[in-house]
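Using the sequences and the accompanying hints, generate a full structural model.
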Amino acid sequence: MADKQLLLGDEAVALGALHAGLSGVYAYPGTPSTEITEYIQGHPLTTERHVHNVWSSNEKTAMEGALGMSYAGKRALVCMKHVGMNVCADPLMGSAMTGANGGLVVTACDDPSMHSSQNEQDSRFWGTFGMMPVFEPSSQQEAYEMTRAAYDYSEENTIPVIMRLTTRMAHSRAVVTPAEDIRPQNELHYPEFPKRWVTLPVNARVRNRELIKLYAKCEADAVVSKFNRLTDGPDHSMGVIACGIAYNYLMENYPDGCPYPVLKISQYPFPRELALKLAAMVPTILVLEEGQPLVETMLRGVFPTQTKVIGRIDNAVIRDGELSPDAVRGALGLPERKTFAPAQVLASRPPALCQGCGHRDFYTALNNVLKKDYPTARVFSDIGCYTLGYMAPFNAIHTCVEMGASFTMAQGAAYSGCWPAVGVIGDSTFTHSGMTGLLDAVNGKADVTLCISDNLTTAMTGGQDSAGTGRIEAICAGLGVDPAHIRTIVPLPKNYPDMEKVIREEIEYHGVSVIVCRRECIQTARRHAKK
Amino acid sequence: MKKDIILAGVGGQGILSIATVIGSAALEQGLHLKQAEVHGMSQRGGDVQSNLRLSSEPIFSDLIPRGGADLVVSLEPMEALRYVPFLAPDGWIITNTVPFVNIPDYPAMEAVMGELGKLPHVIAIDVDAIAKEAGSARSANMVLLGATASVLGILEPEKLREGIRRIFGRKGEAIVEANIKAFDAGLASAQK
Numbered sequence: 001m002a003d004k005q006l007l008l009g010d011e012a013v014a015l016g017a018l019h020a021g022l023s024g025v026y027a028y029p030g031t032p033s034t035e036i037t038e039y040i041q042g043h044p045l046t047t048e049r050h051v052h053n054v055w056s057s058n059e060k061t062a063m064e065g066a067l068g069m070s071y072a073g074k075r076a077l078v079c080m081k082h083v084g085m086n087v088c089a090d091p092l093m094g095s096a097m098t099g100a101n102g103g104l105v106v107t108a109c110d111d112p113s114m115h116s117s118q119n120e121q122d123s124r125f126w127g128t129f130g131m132m133p134v135f136e137p138s139s140q141q142e143a144y145e146m147t148r149a150a151y152d153y154s155e156e157n158t159i160p161v162i163m164r165l166t167t168r169m170a171h172s173r174a175v176v177t178p179a180e181d182i183r184p185q186n187e188l189h190y191p192e193f194p195k196r197w198v199t200l201p202v203n204a205r206v207r208n209r210e211l212i213k214l215y216a217k218c219e220a221d222a223v224v225s226k227f228n229r230l231t232d233g234p235d236h237s238m239g240v241i242a243c244g245i246a247y248n249y250l251m252e253n254y255p256d257g258c259p260y261p262v263l264k265i266s267q268y269p270f271p272r273e274l275a276l277k278l279a280a281m282v283p284t285i286l287v288l289e290e291g292q293p294l295v296e297t298m299l300r301g302v303f304p305t306q307t308k309v310i311g312r313i314d315n316a317v318i319r320d321g322e323l324s325p326d327a328v329r330g331a332l333g334l335p336e337r338k339t340f341a342p343a344q345v346l347a348s349r350p351p352a353l354c355q356g357c358g359h360r361d362f363y364t365a366l367n368n369v370l371k372k373d374y375p376t377a378r379v380f381s382d383i384g385c386y387t388l389g390y391m392a393p394f395n396a397i398h399t400c401v402e403m404g405a406s407f408t409m410a411q412g413a414a415y416s417g418c419w420p421a422v423g424v425i426g427d428s429t430f431t432h433s434g435m436t437g438l439l440d441a442v443n444g445k446a447d448v449t450l451c452i453s454d455n456l457t458t459a460m461t462g463g464q465d466s467a468g469t470g471r472i473e474a475i476c477a478g479l480g481v482d483p484a485h486i487r488t489i490v491p492l493p494k495n496y497p498d499m500e501k502v503i504r505e506e507i508e509y510h511g512v513s514v515i516v517c518r519r520e521c522i523q524t525a526r527r528h529a530k531k
Numbered sequence: 001m002k003k004d005i006i007l008a009g010v011g012g013q014g015i016l017s018i019a020t021v022i023g024s025a026a027l028e029q030g031l032h033l034k035q036a037e038v039h040g041m042s043q044r045g046g047d048v049q050s051n052l053r054l055s056s057e058p059i060f061s062d063l064i065p066r067g068g069a070d071l072v073v074s075l076e077p078m079e080a081l082r083y084v085p086f087l088a089p090d091g092w093i094i095t096n097t098v099p100f101v102n103i104p105d106y107p108a109m110e111a112v113m114g115e116l117g118k119l120p121h122v123i124a125i126d127v128d129a130i131a132k133e134a135g136s137a138r139s140a141n142m143v144l145l146g147a148t149a150s151v152l153g154i155l156e157p158e159k160l161r162e163g164i165r166r167i168f169g170r171k172g173e174a175i176v177e178a179n180i181k182a183f184d185a186g187l188a189s190a191q192k
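Chains W and P are the protein sequences, given in the same order.
So the first sequence is numbered by the working numbering: it starts at 1 and just counts up by one.
So the second sequence is numbered by the working numbering: it starts at 1 and just counts up by one.
Treat the hints as calculated values from the structure; they're not laboratory data.
Each residue gets a CB set at the ideal place from its N, CA and C atoms; glycine is no exception.
Please note that a few of the clues may not be correct.
Straight line, CA to CA, 27 Å or less: simulated DSS-like cross-link-like pairs of lysine-lysine [said to hold, decoys possible]:
| # | chain 1 | residue 1 | chain 2 | residue 2 |
| --- | --- | --- | --- | --- |
| 1 | W | LYS4 | P | LYS171 |
| 2 | P | LYS3 | W | LYS338 |
| 3 | W | LYS531 | P | LYS2 |
| 4 | W | LYS530 | P | LYS171 |
| 5 | W | LYS264 | P | LYS2 |
| 6 | W | LYS264 | W | LYS213 |
| 7 | P | LYS181 | W | LYS531 |
| 8 | W | LYS445 | W | LYS501 |
| 9 | P | LYS3 | W | LYS530 |
| 10 | P | LYS2 | W | LYS4 |
If you want the footprint, here are the derived chain P segments under chain W, 3+ residues with CB under 8 Å [as the list claims (entries may be wrong)]:
| # | stretch |
| --- | --- |
| 11 | 26-33 |
| 12 | 43-49 |
| 13 | 65-75 |
| 14 | 83-92 |
Put into structure tokens, the structure is as follows:
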């Protein structure tokens, strides 16, 4: 038997993909998905087999790169956090139309309870939306095995497979026993159905009908899948449908076995036939699913049915947030566990910018200028460590929506009469999806002051390479920003007077200015110093 | 047999190296194990915890139920208090007494220690001072692990020492020895 390993759910997916003969991983960092790519980058097989592993600029370029690899017959993996699926929605939906040639697995890591995210969107919906199968492992061992199975399934059915993890699966370690065999990589080979890959209406209409049929076949597969299992129990007063890791929270409450019949779901499209079998056994079905009530909504329908469905929608289980053994307990009719009362002297300890971080000095200088001389200024910020500039003592930003929204929202507000309209973005977010917004600003001759707080890395997710390092000013000039208004400053307390002078001058310039505020992230600087 | 442990602290304090050593020892011993970690935004100076579950039987949930933790092990006293509702009625708190003050409204230390004092099983030690005294100031987390070893039960102290050797081995013998010394000093202080 192969060596047992202690792996994060993310790492189990990564190892499963490598052992399935992966040729390339395409990803942009995002919690809780980052460790999939990092594990592949550090694995000896990656070097030995020349597995592509360079970070992509964003999730869209990642998805497209992987689709190109699939076109060429090789196995590719795309990884992202749940909101990354929005960024790559166009090629993702397109990939269902082209289908896969080499196995294509798209891993989306959802973040219920928003530990490090702006919403709780549930990536299983993409499966229904795009007519693609979704795999949702319930254990790290299953994550390894299902990833391998997903590649075979993808090739057998020439369709991308979405692998859905949630924070607790992605970032929890358990013992994984890998399989003995490591599959070879695919040879270059082109698609059997070349017409699908040119999605002109004339081809797409044909493919759409095939896809509808294929999706029905995928549901039939899910009925007999070894990853979906209906288990009987002695108590037929209720049945439980438990999806993904919700199964674990159910079973945690029954150390001697669950008394109710249980339908464990890890492969979608949702196998309705199995739900009907369960409904024939019990009058009430409790649906436990991590994320949004996808299965529950489907089972409830609109018209009255004989089977009562309970779950998140009727608050039998918490309506939002991450599930836990305690969150599902009430719905099972079990009493609350006896606990000590919470301590009375707790203070909350929110995340904060590190001491010595360059973003701190940037916000201090910006505040010194704006709060004193421009009290009507609005600061449109973005996604990254610098979003923490919202917190005291800085209270420096007014908006943060999604990757890239800073520069573009600042323009919309400026056109509406907002002045000064200041944008704040990090270097990695700038190359992810800020560059096109800067081009808009140049073309629209917007009166905006756009700041790139450049720490030479993708810091929030732990210091991955940033796509534009060393070329930020050149990119801005290339997009048409007047070089006289591309200013570079170094965020340090001793430089506050210079920084403030530059900020003031560029606010007073009624056109597009870019202020590049550059100092290395202190976390990566420490790591570099050790080397 | 099972042991459910909540490891607590402030992002950057190094609770994960405690989890890594226990995890390595547990794997070697053939125990089942689940270890939920915090990555991402919360790591930036916020409160962090890791749910570490060890058992001779298969484990389902990655999260420990309320009232189920056999141990709450914390590198910071107020952070230990945060997880009191998760502590089992006969569970132990093993905590550092040195506060990590990076917030303006950190409560009075007397109040924090007072709350800890109300709980039945508490080992509260100054791990920073003990580490310094043992000549390995940077191994405060191994002092805490040593103190934990005094009540852990499911893994013998020697198994944890072997874990330390495996985990720190590639950093050289001096680092291994400093960590073992810190571990032993923590174990001794808890047994006093």
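Going through the hints against the structure:
1. Restraint check: the Cα-Cα separation between LYS4 (chain W) and LYS171 (chain P) comes to about 23 Å, which is no more than 27 Å; the hinted pair holds.
2. Between LYS3 (chain P) and LYS338 (chain W) the alpha-carbon distance is near 18 Å, which keeps this suggested pair within the 27 Å criterion.
3. Taken as a hint, the LYS531 (chain W) and LYS2 (chain P) pair is broken in the structure, with Cα atoms around 40 Å apart against an allowance of 27 Å.
4. Distance check on the hinted pair: LYS530 (chain W) and LYS171 (chain P) sit about 12 Å apart at the alpha-carbon level, within 27 Å; holds.
5. Of the supplied pair hints, the one linking LYS264 (chain W) and LYS2 (chain P) holds, its CA atoms being roughly 25 Å apart against a limit of 27 Å.
6. A threshold of 27 Å between alpha carbons decides the hint, and for LYS264 (chain W) with LYS213 (chain W) the separation of about 25 Å falls inside it, so the pair holds.
7. Distance hint between LYS181 (chain P) and LYS531 (chain W) is fulfilled; the C-alpha atoms sit about 26 Å from each other, no more than 27 Å.
8. Proximity of LYS445 (chain W) to LYS501 (chain W) is assessed by CA-CA distance (about 23 Å); at most 27 Å being required, the pair is judged to hold.
9. For the suggested pair LYS3 (chain P) and LYS530 (chain W), the alpha carbons sit about 36 Å apart, so the restraint of at most 27 Å is broken.
10. Annotation: proposed proximity of LYS2 (chain P) to LYS4 (chain W) holds, straight-line Cα distance about 20 Å (limit 27 Å).
11. Residues of the stretch 26-33 of chain P with a Cβ under 8 Å from some Cβ of chain W number 3, which satisfies the need for three, so the listed coverage holds.
12. Against chain W, the stretch 43-49 of chain P contributes 5 residues with a C-beta closer than 8 Å to a partner C-beta. That satisfies the three-residue criterion, and the hint holds.
13. With 4 residues bearing a CB less than 8 Å from a CB of chain W, the stretch 65-75 of chain P meets the requirement of three and the coverage assertion stands.
14. Counting residues of the stretch 83-92 of chain P whose CB lies closer than 8 Å to any CB of chain W gives 5, so the stated coverage by that chain holds, three being the minimum.
Hint compliance for this structure: hints 3, 9 are not met, and every other hint is.
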